[in-house]
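Chemist: If you read the sequences in order, they're chains A and B.
Take 0 as the starting number for the first sequence in numbering that gives the first Met the number 0 and just add one per residue.
Take 0 as the starting number for the second sequence in numbering that gives the first Met the number 0 and just add one per residue.
Among these hints, one or two may not hold up.
Unchecked claim - Sample of chain A residues facing chain B (criterion: CB under 8 Å; computed from the structure):
| hint | residue |
| --- | --- |
| 1 | 56 |
| 2 | 92 |
| 3 | 140 |
| 4 | 144 |
| 5 | 154 |
Said to hold, decoys possible - Once the Cα atoms are required to be at most 25 Å apart in a straight line, the calculated DSS-like pairs of lysine-lysine come out as:
| hint | chain 1 | residue 1 | chain 2 | residue 2 |
| --- | --- | --- | --- | --- |
| 6 | A | 180 | A | 146 |
| 7 | A | 276 | A | 228 |
| 8 | B | 388 | B | 47 |
| 9 | A | 66 | A | 146 |
| 10 | A | 97 | B | 391 |
| 11 | B | 170 | B | 216 |
| 12 | B | 391 | A | 104 |
| 13 | B | 79 | B | 220 |
| 14 | B | 388 | A | 146 |
| 15 | B | 388 | A | 42 |
| 16 | A | 226 | A | 249 |
| 17 | B | 170 | B | 141 |
| 18 | B | 388 | A | 97 |
| 19 | A | 17 | A | 42 |
| 20 | A | 42 | A | 146 |
| 21 | A | 146 | B | 391 |
| 22 | B | 208 | B | 168 |
| 23 | B | 261 | A | 66 |
| 24 | B | 47 | A | 2 |
| 25 | A | 42 | B | 141 |
| 26 | B | 135 | B | 216 |
No wet-lab data here; the hints were simulated from the structure.
No residue lacks a Cβ here, since even glycine has one placed at the ideal position from N, Cα and C.
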Amino acid sequence: MAKNDLLGASLWDAYSNKVTTLMNNPQHQGEIFEADAESRGNKLIVADFGAESCGDAVRLYWEIDPKTDTIVNSKFKSFGCGTAIASSDVMTELCIGKTVDQAVKITNIDVEFALRDSPEIPAVPPQKMHCSVMAYDVIKKAAGLYKGVDASSFETEIIVCECARVSLGTLKEVIRLNDLKTIEQITDYTKAGGFCKSCIKPGGHEAREYYLVDILADTRREMDEEKMKAAADAGATGDFENMTLVQQIKAVDAVVDENVRQFLVMDGGNMEVIDIKKGDEYIDIYIRYLGACNGCASSSTGTLYAIEATLKEKLSKRIRVLPI
Amino acid sequence: MKVYLDNNATTMVDPQVVEVMMPFFSEMYGNPNSLHKFGTATHPALNKAINQVYTALNAGDNDDIVFTSCATESNNWVLKSVFTDLIVNGDKNHIVTTEVEHPSILATCRFLEEEGVKVTYLPVNENGIVEAHTVKSFITEKTALVSIMWANNETGMIFPIQEIGEICKAKGVLFHSDGVQAVGKIPVDLQAVHVDFLSMSAHKFHGPKGIGALYIKNSQKLTPLLHGGAHMGGRRSGTLNVPYIVGMGKAIELATTNMEEKITAIRAKRDRLEDALLELSNTLVVGPRESRTPNTILISIRGVEGEGMLWDLNNGQIGASTGSACASEELEANTVMLAIGADNELAHTGIRLSLSRFTTDAEIDYTITHFKSAVARLRAISSSFAIQKPTKGGEVQECELHH
Numbered sequence: 000m001a002k003n004d005l006l007g008a009s010l011w012d013a014y015s016n017k018v019t020t021l022m023n024n025p026q027h028q029g030e031i032f033e034a035d036a037e038s039r040g041n042k043l044i045v046a047d048f049g050a051e052s053c054g055d056a057v058r059l060y061w062e063i064d065p066k067t068d069t070i071v072n073s074k075f076k077s078f079g080c081g082t083a084i085a086s087s088d089v090m091t092e093l094c095i096g097k098t099v100d101q102a103v104k105i106t107n108i109d110v111e112f113a114l115r116d117s118p119e120i121p122a123v124p125p126q127k128m129h130c131s132v133m134a135y136d137v138i139k140k141a142a143g144l145y146k147g148v149d150a151s152s153f154e155t156e157i158i159v160c161e162c163a164r165v166s167l168g169t170l171k172e173v174i175r176l177n178d179l180k181t182i183e184q185i186t187d188y189t190k191a192g193g194f195c196k197s198c199i200k201p202g203g204h205e206a207r208e209y210y211l212v213d214i215l216a217d218t219r220r221e222m223d224e225e226k227m228k229a230a231a232d233a234g235a236t237g238d239f240e241n242m243t244l245v246q247q248i249k250a251v252d253a254v255v256d257e258n259v260r261q262f263l264v265m266d267g268g269n270m271e272v273i274d275i276k277k278g279d280e281y282i283d284i285y286i287r288y289l290g291a292c293n294g295c296a297s298s299s300t301g302t303l304y305a306i307e308a309t310l311k312e313k314l315s316k317r318i319r320v321l322p323i
Numbered sequence: 000m001k002v003y004l005d006n007n008a009t010t011m012v013d014p015q016v017v018e019v020m021m022p023f024f025s026e027m028y029g030n031p032n033s034l035h036k037f038g039t040a041t042h043p044a045l046n047k048a049i050n051q052v053y054t055a056l057n058a059g060d061n062d063d064i065v066f067t068s069c070a071t072e073s074n075n076w077v078l079k080s081v082f083t084d085l086i087v088n089g090d091k092n093h094i095v096t097t098e099v100e101h102p103s104i105l106a107t108c109r110f111l112e113e114e115g116v117k118v119t120y121l122p123v124n125e126n127g128i129v130e131a132h133t134v135k136s137f138i139t140e141k142t143a144l145v146s147i148m149w150a151n152n153e154t155g156m157i158f159p160i161q162e163i164g165e166i167c168k169a170k171g172v173l174f175h176s177d178g179v180q181a182v183g184k185i186p187v188d189l190q191a192v193h194v195d196f197l198s199m200s201a202h203k204f205h206g207p208k209g210i211g212a213l214y215i216k217n218s219q220k221l222t223p224l225l226h227g228g229a230h231m232g233g234r235r236s237g238t239l240n241v242p243y244i245v246g247m248g249k250a251i252e253l254a255t256t257n258m259e260e261k262i263t264a265i266r267a268k269r270d271r272l273e274d275a276l277l278e279l280s281n282t283l284v285v286g287p288r289e290s291r292t293p294n295t296i297l298i299s300i301r302g303v304e305g306e307g308m309l310w311d312l313n314n315g316q317i318g319a320s321t322g323s324a325c326a327s328e329e330l331e332a333n334t335v336m337l338a339i340g341a342d343n344e345l346a347h348t349g350i351r352l353s354l355s356r357f358t359t360d361a362e363i364d365y366t367i368t369h370f371k372s373a374v375a376r377l378r379a380i381s382s383s384f385a386i387q388k389p390t391k392g393g394e395v396q397e398c399e400l401h402h
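Construct the complete structure from the given sequences, taking the supplied hints into account.
Modeler: And the structure:
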């Protein structure tokens with residue numbers, strides 16, 4: 000939110016001239032009938048995607064030459080807004096002349112790009128980017144029908160943001176590599192979530208299988224767990240001085256547990272770590288004796304030296320143990 | 000020809016209203032709270048405006064009608080101050096409203112829910128209104144406020160405010176009505192109907208934007224929303240917006256003088272337009288005519304998506320509106336349409352046409368012609384009317400999109 004967001008976007012003014020022109024006068028709208036296709040020795044494939052009750056519906060017609068698997072003609076029918084009609088029109092144009100295998104590689108990004116007036120300027124405003132996704136979906140469905148396979152078999156990866164075609168794998172990788180902490184950062188780095196916003200969190204335009212908020216939370220948790228594990232491992236190998244306070248306390252506790260506590264408990268005593276302060280010369284570990292250790296003569300002499308020597312050996316030579 | 004049929008969104012300011020406002024910008028610009036003549040010179044005009052508003056609504060001298068910046072402010076004021084007065088500083092914890100209120104009610108209620116208030120959002124029937132007995136059955140001992148709109152912005156349907164008012168009075172529960180779509184469009188007589196609070200906005204009845212009011216029955220307690228220099232008797236601080244108050248007074252007077260004649264004239268044009276559009280096959284208008292504000296039509300055109308229709312109307316210089324999914328920034332489906340619940344397809348094919356007293360017969364004729372040709376063009380493109388059926392397996396099994 001800033002100066003440019005004070006007035007809502009003027010939706011229609013952000014459409015490219017191509018979108019406007021094709022909405023007003025689509026070139027490939029219409030039907031191909033089965034009898035006509037057959038009379039030309041071709042096979043007709045007709046696929047629907049979406050429904051009137053969803054707010055968007057498209058019917059794609061492919062007339063395919065079965066000898067070459069080439070789409071010799073294509074038409075569409077659309078129930079939808081201007082960008083849906085323009086996207087469908089460009090989609091059919093992109094299909095004509097391609098083989099089914101080539102056509103199935105057409106994505107919504109290609110459709111949107113074909114609607115641009117100039118390569119740098121998006122054809123539609125962000126919230127309309129999703130309209131071209133239906134083009135991708137209906138093409139896959141038509142190809143599946145022709146090849147007798149399920150449309151999902153054309154998917155090679157899990158797409159989380161359809162508008163920007165960003166996969167689950169990419170998102171996790173980018174979050175890790177760049178140590179991303181917010182959804183806004185994810186959008187800045189990958190464009191995911193920057194368009195129709197359905198993939199950000201539940202409750203958007205469309206229900207999704209994966210949401211950015213969950214992916215971010217899961218990945219961050221994995222990263223934290225790895226970091227903690229690494230820190231714990233580092234404790235054993237001597238990187239004690241670079242740990243956070245909490246990690247240092249845990250590392251001290253771990254060493255005490257393993258090497259010291261059992262002997263104190265045997266004599267009816269115990270100890271706890273109160274605080275750790277890092278000085279220029281020493282790392283001071285403040286401890287408190289519990290039970291029988293309180294007042295025991297050895298607690299300020301032999302036992303104390305033993306604790307300090309163990310911690311020095313296991314964690315850092317700069318450690319000084321101070322009972323309070 | 001340009002035709003503006005989005006008068007439920009906002010209206011043209013009547014030139015007579017602009018005329019009475021003009022002296023209060025650069026001639027009589029004093030602060031009404033000042034003691035000097037620059038300030039007091041505005042008082043006659045302000046008093047006149049106050050009287051115009053009281054007369055138009057038949058409000059009593061013991062009632063307050065406090066000028067605000069708009070109905071959104073008035074709505075926020077009632078909800079948030081009832082929360083302060085009766086929930087935070089009282090033993091109530093419940094508000095009753097409807098699913099089809101304006102966002103200034105719904106979003107405020109959601110905000111109050113986060114503060115711990117229980118809110119009941121009543122459903123509407125197939126005509127898009129809440130029935131009085133439904134309201135009655137949801138009022139409890141803990142209910143602080145019932146807030147129900149007088150007329151709906153999308154459908155124009157008029158709610159049973161008189162009955163609901165009586166129920167609230169009998170139960171001793173405060174009753175607020177968002178009267179934005181009623182004031183200036185249909186008679187609103189505050190002696191005949193019991194409401195504790197009524198919100199209104201001048202730009203819905205040919206007044207300027209940025210001025211509205213809140214009616215408060217019997218000057219009863221309602222903690223201010225805006226604190227400051229104790230303007231408007233301490234009820235709403237902020238230097239009085241003199242030209243806009245004067246304009247609102249004139250606008251409400253113009254809207255309510257000879258109101259039955261005005262209503263008859265608008266209704267005749269609305270009905271003629273509606274009859275002509277219903278000649279199209281597979282169309283549906285929400286709500287019986289006699290139960291609607293006289294200027295409003297919400298029509299569903301099967302096979303024609305709302306934003307696509309608006310686009311074609313816009314190409315023909317006709318301004319209308321739709322709450323359908325694709326047309327809003329948020330890509331949300333029309334809440335009223337979904338609430339009516341009769342047919343999901345309605346939520347995406349609804350077009351709202353709202354007339355004003357300035358709408359002419361020639362504009363209606365022009366609209367009928369363009370509307371019909373737009374429907375013909377878009378139905379020719381529409382998949383809903385395609386003949387060739389999908390290849391086996393190519394049908395849509397279920398709604399693959401969210402809405």
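Chemist: Has the given pair, residue 391/B with residue 104/A, been kept, meaning a C-alpha gap of at most 25 Å?
Modeler: holds (23 Å)
Chemist: Residue 135/B and residue 216/B: Cα distance at most 25 Å?
Modeler: holds (21 Å)
Chemist: Please work out if residue 47/B and residue 2/A have their alpha carbons no farther apart than 25 Å.
Modeler: violated (40 Å)
Chemist: Any CB of chain B closer than 8 Å to the CB of residue 154/A?
Modeler: violated (15 Å)
Chemist: Given the hinted pair residue 261/B and residue 66/A, is their Cα-Cα distance within 25 Å?
Modeler: Answer violated: residue 261/B to residue 66/A is near 71 Å, above 25 Å.
Chemist: Under the criterion that the straight-line Cα-Cα distance not exceed 25 Å, is the pair residue 170/B, residue 216/B satisfied?
Modeler: holds (17 Å)
Chemist: Verify the proposed pairing of residue 276/A with residue 228/A, using a straight-line Cα cut of 25 Å.
Modeler: OK: residue 276/A and residue 228/A at ~23 Å, within 25 Å.
Chemist: What's the verdict on residue 146/A and residue 391/B, does the C-alpha distance respect the 25 Å limit or exceed it?
Modeler: Holds: residue 146/A and residue 391/B sit about 13 Å apart, inside 25 Å.
Chemist: Within 25 Å, alpha carbon to alpha carbon, are residue 42/A and residue 141/B?
Modeler: violated (68 Å)
Chemist: Does the structure keep residue 180/A and residue 146/A at a Cα separation of 25 Å or less?
Modeler: The hint is violated at about 43 Å.
Chemist: Would the hint linking residue 208/B and residue 168/B be met if the CA-CA limit is 25 Å?
Modeler: violated (33 Å)
Chemist: Sort out whether residue 47/B lies within 25 Å of residue 388/B, counting only the CA atoms.
Modeler: violated (68 Å)
Violated hints, in rising order: 2, 5, 6, 8, 19, 22, 23, 24, 25; the structure is consistent with all others.
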